[in-house]
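First to last, the protein sequences are chains A and B.
When the first sequence is numbered by the working numbering, its final residue is 398 and no position is left out of the sequence of numbers.
When the second sequence is numbered by the working numbering, its final residue is 382 and no position is left out of the sequence of numbers.
Because the hints were derived from the structure by calculation, they are not lab data.
By construction, the Cβ of each residue, glycine as well, lies at the ideal position given by its N, Cα and C atoms.
Some hints here could point you the wrong way.
[As the list claims (entries may be wrong)] Across the chosen pairs, the derived CB separations fall in these ranges:
1. B:276 x A:242: 23 to 29 Å
2. A:308 x B:109: 54 to 60 Å
3. A:61 x B:266: 48 to 54 Å
4. A:348 x B:376: 35 to 41 Å
5. A:53 x B:276: 48 to 54 Å
6. A:17 x B:34: 55 to 61 Å
7. A:201 x B:265: 49 to 55 Å
8. A:263 x B:105: 29 to 35 Å
9. B:180 x A:280: 30 to 36 Å
10. B:177 x A:34: 43 to 49 Å
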Amino acid sequence: MDLRFTDEELAFRDEVREFFRTALPDSIRRKMIEGHHPSKDDLVTWSRILNAKGWAVPHWPVEWGGTGWSPVKQYIFRDELQQAPAPEPLAFGVSMVGPVIYTFGNEDQKRRFLPRIANLDDWWCQGFSEPGAGSDLASLKTTAKREGDHYIVNGQKTWTTLAQHADWIFCLVRTDSAVKKQEGISFLLIDMKTPGITVRPIQTIDGGHEVNEVFLDDVRVPVENLVGQENKGWDYAKFLLGNERVGIARIGISKARLKRVRELASLERIGDVPLIDIPRFREKLAAVEVELKALEMTQLRVVAAESRREKGKPDPASSILKIKGSEIQQATTELLMEVVGPFAMPYQPEEEGRNEPTDGPDWASTAAPTYFNWRKISIYGGSNEIQKNIIAKAILGF
Amino acid sequence: MDFDLSEEQRLLKDSVDRLMADRYDFESRQRYAKEPEGWSRALWSAYAELGLLALPFDEAHGGFGGGPVETMTIMEAFGRSLALEPYLATVILGGGLLHHGGSEEQKSTYLPQVASGDLRLAFAHTERQSRYDLFDVGTTAQPDGGSFILNGKKNVVLHGDSADKILVTARVAGSRRDRDGIGLFLVDANAPGVSRRGYPTQDGQRAAEVTLESVRVDAGNVIGNPEGALPVVEKVADIAIAALAAEAIGAMDEMLKLTVDYLKTRKQFNATIGSFQVLQHRSSEMFIAVEQGRSMAMFAAMMAQEQNPEERRKAISAAKVQIGRSGRFVGQQAVQLHGGVGMTMEYKVGHLFKRVTMIDTLFGDADHHLSKLAETGGLIAA
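Input sequences plus hints: build the corresponding full structure.
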């Protein structure tokens with residue numbers, strides 16, 4: 001047992017750190033540090049820089065653009081990217097539908113979609129949740145009826161993140177309602193330009209527009225857009241959700257946030273004393289750092305065990321990563337709220353009025369929206385309560 | 001990055017686990033506690049035979065050159081079984097102070113005796129006023145020719161009552177809270193002027209109050225620089241914290257196991273109570289607390305050998321915070337989920353709870369280490 005990185009891993013870390021230092025455009029880095037959302041153009045620009053370097057989809061099979069890095073190197077890459085801080089490549093493409101396509105899709109689908117995902121030529125969104133199917137995802141009602149060489153899709157998806165930019169949506173649809181609910185679901189790829197699709201924005205409590213409702217009315221989808229076998233979609237969805245949890249701890253992001261908290265707390269003063277020297281505050285900060293260090297070690301344990309695990313079988317311990325990772329990310333937003341103090345108050349919507357100066361220091365304006373927005377983290381990707389069910393059943397054997 | 005045990009470490013783990021499984025079930029443990037010294041001489045000999053008492057020392061001194069990972073393996077097994085023997089006092093603390101601070105002659109005289117099980121040690125450091133500050137030493141050591149004369153009182157000396165020799169910190173120079181001027185002395189437990197009052201501790205182990213009245217220590221029994229022992233004391237305290245972290249993880253893991261087993265068998269309202277979601281979720285939270293603690297116990301084991309003392313201290317403090325918090329949560333919930341049974345002396349879970357609670361009070365509790373960590377700039381630089 002040796003918990004240190006090897007010399008080779010350290011050299012690799014330095015290499016990726018240097019790349020992120022020089023290749024990430026300053027305007028994007030600035031937005032990330034200050035807690036603004038990167039725009040669609042920012043993400044496309046950054047994804048293409050990564051892809052040109054060959055690093056857009058490191059975890060994919062080498063023949064489809066992967067790097068063949070060890071799980072530890074994959075972890076280092078992601079951690080450095082998050083600490084840069086750089087935007088993460090669009091997860092719906094590279095982490096969700098991409099792996100489903102190269103694992104379960106046919107050759108035509110792989111050739112058609114994978115290169116365009118890696119280069120962010122296609123913007124993908126996720127059509128899983130429905131108004132009546134949240135934590136109980138398998139109860140979804142959107143139907144797909146086979147008519148000749150098309151499926152006719154009808155229903156409604158919701159919480160569809162960044163659907164307003166999307167070219168494609170991957171959907172779970174019901175193709176058989178006579179069987180057990182998990183056994184009648186299929187996985188369809190749908191072009192967002194198909195007639196019958198309507199996207200309606202949902203404004204979240206921070207005032208932002210990330211999520212949408214997507215309505216599907218008699219949408220005709222060619223049968224060649226079915227992934228794998230009809231009625232096996234639930235298996236692919238479980239595979240996808242397991243992959244989703246592996247990266248969900250977002251430790252690098254929390255490190256970058258805590259660094260930011262420490263920086264700003266040494267500038268803010270209470271009388272003559274920097275906030276960072278107030279014992280009550282700095283102990284609260286240190287307590288979050290301890291939790292984060294523990295989670296980083298837990299993450300590394302999961303990563304180290306990954307090479308021995310059967311492919312596509314996620315470690316149930318990854319539920320810990322989701323629960324603690326979300327709690328810690330949320331705790332960092334609370335700390336930042338404390339740093340900005342009274343200047344959390346002014347509300348400045350991201351779209352409008354960007355040229356109007358905010359009341360108070362300009363770095364304060366994103367603290368409250370981020371705090372409100374990040375309450376989502378313990379809800380999405382299988383709520384923390386669902387994760388506790390998973391631990392209870394898969395690990396503790398209840 | 002490698003979290004696996006080596007072949008040798010795995011063999012060590014297997015043999016310790018087997019020994020504890022064969023001879024340290026809870027009923028035996030309660031019996032050992034009633035032996036004259038409060039622990040089992042027979043098990044002490046078994047540890048010596050397995051080489052556990054020799055583990056961290058150099059081969060030249062009868063040891064096996066084991067590191068913190070080997071120690072972690074043993075301590076986790078001891079934690080699971082609630083071992084009572086003075087392993088921490090003798091091997092980790094006493095032996096550690098000699099190993100890291102002693103002269104070649106002192107090491108080759110005493111460490112082989114520790115390794116063979118013939119010499120038991122204790123570390124007398126805590127005083128009435130010192131709380132968790134390792135530098136706060138009021139006991140005095142007056143130079144007298146080549147010797148020193150020790151005067152003072154030490155409290156909560158772990159296994160001080162059954163020790164043959166005691167390592168005592170005393171102030172040679174400076175004022176009570178100075179970092180410099182502290183010496184470390186090897187004192188015969190029965191030397192003139194040493195009086196010991198042994199007593200049981202809350203967790204079923206033993207400790208002593210040790211009074212030193214004009215105790216003469218000759219030059220050969222001064223460990224290291226007589227005015228500069230603090231760095232060695234701090235280093236060995238950190239190694240001890242890493243060991244205690246592993247012991248606490250063994251105890252926490254056992255509490256989780258007992259609790260989950262209990263929930264799966266206990267019936268109320270015509271159902272096993274483990275079928276209730278509120279209890280499943282609480283168990284999941286216990287599992288998370290154990291695993292987060294285990295991660296930090298591993299981190300502590302890795303960082304206990306860090307050369308830079310500031311980095312080492314920060315890492316060890318962080319681990320002690322996590323272990324303290326995880327231990328409190330897991331211990332309280334284990335008792336809670338067992339209901340009344342968890343409150344009884346005759347059931348194991350309460351004893352495990354008491355042990356992790358007492359571990360928090362050794363070498364600084366979670367709050368102490370959190371404030372030290374915060375004071376020294378935390379783990380992530382701005």
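Here is how each hint holds up against the structure:
Between residue 276 (chain B) and residue 242 (chain A), the C-beta spacing of about 27 Å keeps the proposed range 23 to 29 Å intact. Remark: the range hint 54 to 60 Å for residue 308 (chain A) to residue 109 (chain B) is contradicted by a beta-carbon distance near 47 Å. Between residue 61 (chain A) and residue 266 (chain B) the beta carbon distance is about 49 Å. The supplied range of 48 to 54 Å therefore holds. The hinted range of 35 to 41 Å is satisfied by residue 348 (chain A) and residue 376 (chain B), whose Cβ atoms lie roughly 38 Å apart.
Between residue 53 (chain A) and residue 276 (chain B) the C-beta distance comes to about 52 Å, which sits within the given range of 48 to 54 Å. Between residue 17 (chain A) and residue 34 (chain B), the C-beta spacing of about 60 Å keeps the proposed range 55 to 61 Å intact. In this structure the supplied range 49 to 55 Å holds for residue 201 (chain A) paired with residue 265 (chain B), their Cβ-Cβ distance being about 52 Å. For residue 263 (chain A) and residue 105 (chain B), the hinted distance range of 29 to 35 Å is not satisfied, since their beta carbons lie about 53 Å from each other.
Checked against the hint of 30 to 36 Å, the C-beta distance between residue 180 (chain B) and residue 280 (chain A) comes to roughly 32 Å, which is consistent with it. In this structure the supplied range 43 to 49 Å holds for residue 177 (chain B) paired with residue 34 (chain A), their Cβ-Cβ distance being about 44 Å.
Hint compliance for this structure: hints 2 and 8 are not met, and every other hint is.
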